[in-house]
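Chemist: Protein chains in written order, with our numbering: chain A, 1 to 487; chain B, 1001 to 1153.
If you are wondering where the hints come from, they were derived from the structure by calculation, not from laboratory data.
Heads up, a few of these hints could be off.
[As the list claims (entries may be wrong)] Restraint-style ranges between C-beta atoms, simulated for each label pair: (1) A:199 to B:1126: 49 to 57 Å; (2) A:16 to B:1123: 36 to 44 Å; (3) B:1090 to A:468: 49 to 57 Å; (4) A:438 to B:1123: 31 to 39 Å; (5) B:1086 to A:353: 46 to 54 Å.
Please read these numbers as outputs of a predicted model, since none were measured by experiment.
Using N, Cα and C, we set each Cβ at its ideal position, and we do this for glycine too.
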Amino acid sequence: MSPAVGYTAIAVVAVASILIGFYGLRVSRTTSDFYVASRTVRPWWNASAIGGEYLSAASFLGVAGLILLTGTGGLWFPIGYTAGYLMLLLFVAAPLRRSGAYTIPDFTGARLDSLTARRVTSTLVIVVGWFYIVPQLQGAALTVRITTGLPSWVGSVAVAVIVAGVVAAGGMRSITFVQAFQFWLKLTALAVPLVALLIIVNGGTVAPELTPEAAFPTGAGPGALDAYRTISLMVALLLGTLGLPHVLVRFYTNPDGTAARRTTLIVLGLLSVFYLFPTAFGLLGRAFAPDLAVSGEADALILVLPDRLVPGPIGQLLTAFVIAGAFAAFLSTSSGLVVSLAGVISQDLLGGSVRGFRAAALMSSLVPLAVALITESTGLAGSVGLVFAFTASTLCPVLLLGIWWRGLTARGAICGMLVGGLLSGSAIIAVPAVAAAAPAWSAFVEQPAAWTVPIAATVTVLVSRIDRARVPRGVDAFLARLHLPER
Amino acid sequence: MTPPTGDDDTEPPRSAPPPRVRVTAPRIPVRGAQRAGETSGSSTTHATGATGGTDATDEPDASDVRGVYVRSLIRSQLQLGLVCAAAFALATTLFVLAIVWTPALDESFVAGVPVSWLLLAFGVYPLALTIAALYVWAAARNESRYRSLAEEP
C-alpha cells in the first residue's frame, strides 16, 4: 500500500476536524445555545449525531477484525452494541430526558440528594471515559502504522493532541450538525468500498484464498458458541450502553421525553444499517485475507482489504475512503468523550471555570494517551467490551434503580457502585493470572458481567433497604417528574 | 423553623461545586400532576387551597387520586419495559437455538457464506427494531391513558 494515500487521507480528516473545531468556536456560542435552549433539534439530526459519536474504533475496525479472528463469536459485538440502545429506549431514554440532568453525576446527585453519591459517580464516569478513549488511540496507532509505515505512537499522539487542542479551544462537540455529519461520513466510508469490493468479487476476477468450508468452519460457527461467554457479553453490552457518558448528553437536546424515544428508535435503525458493513467486511475477510488473523493484525482488515482485492488506483482510492472514515471515528468518539469528561472533571473537581475546563480537557486526553502508549492493544472490540462490563456493573444498576425504584438511597447507590467497580475491575486485572493458574475459570474473569452486575444490583437494593429511613424526601415528586408526559 | 427567604443561599454552605444550571424544556404540566407528586411525597396533610388552588379540583382527595395515577403510570411503564426486554431476550434465544439445531443451515451456502452465519449476522437486528417500534407505540399509549385519567375532574 502506498504511504502517500495514508498521509493524504489522514491529513485531510485531521485538517477538516481542526477547521470545523475552530469554525465551531465562532458559531457554537450562538448555535449551541440556540439548540439547547430552544430544543429545535429534530429527532433525525439528533439520532445521526448520537450515531456519529457512538461509532468508535471498536465498531469501525474492531468488529470486522473480531469476526475474522473468532468467527460467529465476533458477530455478537455489533448485535450487543445495537441492542444496548433497545435497553436505553426501554428503561432510560424518556425518563432521563425529563429529569433535566445533563450527565450521570447530575442525575445521581439530584435524585439522591447527596454530594458523596455525586462524587463517586463522577469518579466512575471519568474512569469509564478514560478507558474508552484508550482503544480509540490504539486504533489510531494501528491505522497510522499500517497505512503510512510510521511508528505506532505517532497515531496515538496525533489523535490525542488534535482532540485536546480542539476541545480546549472551544469544542467541536456542541454542534449537533457536525456529529450528525460524522455518522454519514463513517457510513459512506464503509459502504462505498464494500459495495465496490462485492461487485469485484462477484465478477470472479479475484479468487478467495480459502474454500467456503475452510473459511467458515462449523467449529467457529453458531453451533460452537460458548453459552456463558455469549450471555455475559450480552449483559455487558446491553447494560453498559446505558452508562456511557458521551451518549447521554445527546439526549438533552431532545425537546421532550416522547422525542427522546423517537430519537432512540431512529438510532437503533441507523446502527442496524451501519453494522451491516463491518460485518460483511469481516465475512469477506475470512475468505479473502485469512492470513491477517494469523499475523495478529486482524483489526487492520478493513484498512488492508481494498488494496488486496483491487490493486491499483481504484484500490488506493477505496483505501483512502476507509482510512478517512476510521480517523473520523477515532476523532469524533474521543472528542465527544473528552468533552463530557472535561465537563465532569471541571465541574466536580476544579470549580467549573473555563480555565478548569481547559485543564480538564488536557487531562482527559493525556491520561488515556499514557495508558495507550504503555499497553499493547489486545483487540479493539475486546477492550471496549471490558469497558462496557465495568460500566454495566457500576453505573447501570444505580441509573436503573434511580429511575424505577423509589427506595434507592445514597448509601445503597454508593455501596453498589463500589462493589460493582471492585469486582469487575479486579476481574479484568486478574485475567492473565487466572488464565495461567486456573484456565477452567478464565471465562468468568474475561466476561465478568453475568455475575458482577447481579451482585452490584443486589448490594444496592439490600443496603438501600437497611438504610430505608434515608430515602430522599422529595423522591415521589422527582419520580413523577421523570415519568409524567410533558403535556 | 426559619422560613426560606427565597434567595440563592438555601443550600447548606458545604464545599459544593457551583450547581449546574439546568435548562429544561418548557413544561406544560398536566393539571395537578406536580401537586400529586409533592403531596404523596411529604405527608397526608391536605392543606386545601394553600397553593391557591385555581384548579376546579379542590375536593380533599383529588391529590391522593392523582398520586395513585402517577404510581400506576410508573408501574405500567416499568412492566412494559420489562416485558419488551424479556421478549427480546426470548426471541433472540429461540432464534439462535433454531439456527444451532438446524445443521442443514451450516451446509447450505449463499454467496459462499453458510446460511447459519448469515442468519446470525443479520437476523437479530430486525427483532430489536420490531420490539423497539412496538414499545414506542405502547409507551405513548400508556401516557395518553394517564393523561385522559388525570384530566378528568
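Chemist: Determine for every hint whether it applies to the structure shown.
Modeler: Here is what the structure says about each hint:
1. A:199 to B:1126: 49 to 57 Å: Roughly 26 Å apart at Cβ, these two residues miss the hinted range, so it is violated.
2. A:16 to B:1123: 36 to 44 Å: holds, 37 Å
3. B:1090 to A:468: 49 to 57 Å: Given about 34 Å between the Cβ atoms, the range is violated.
4. A:438 to B:1123: 31 to 39 Å: This hint holds: roughly 36 Å between Cβ atoms.
5. B:1086 to A:353: 46 to 54 Å: holds, 47 Å
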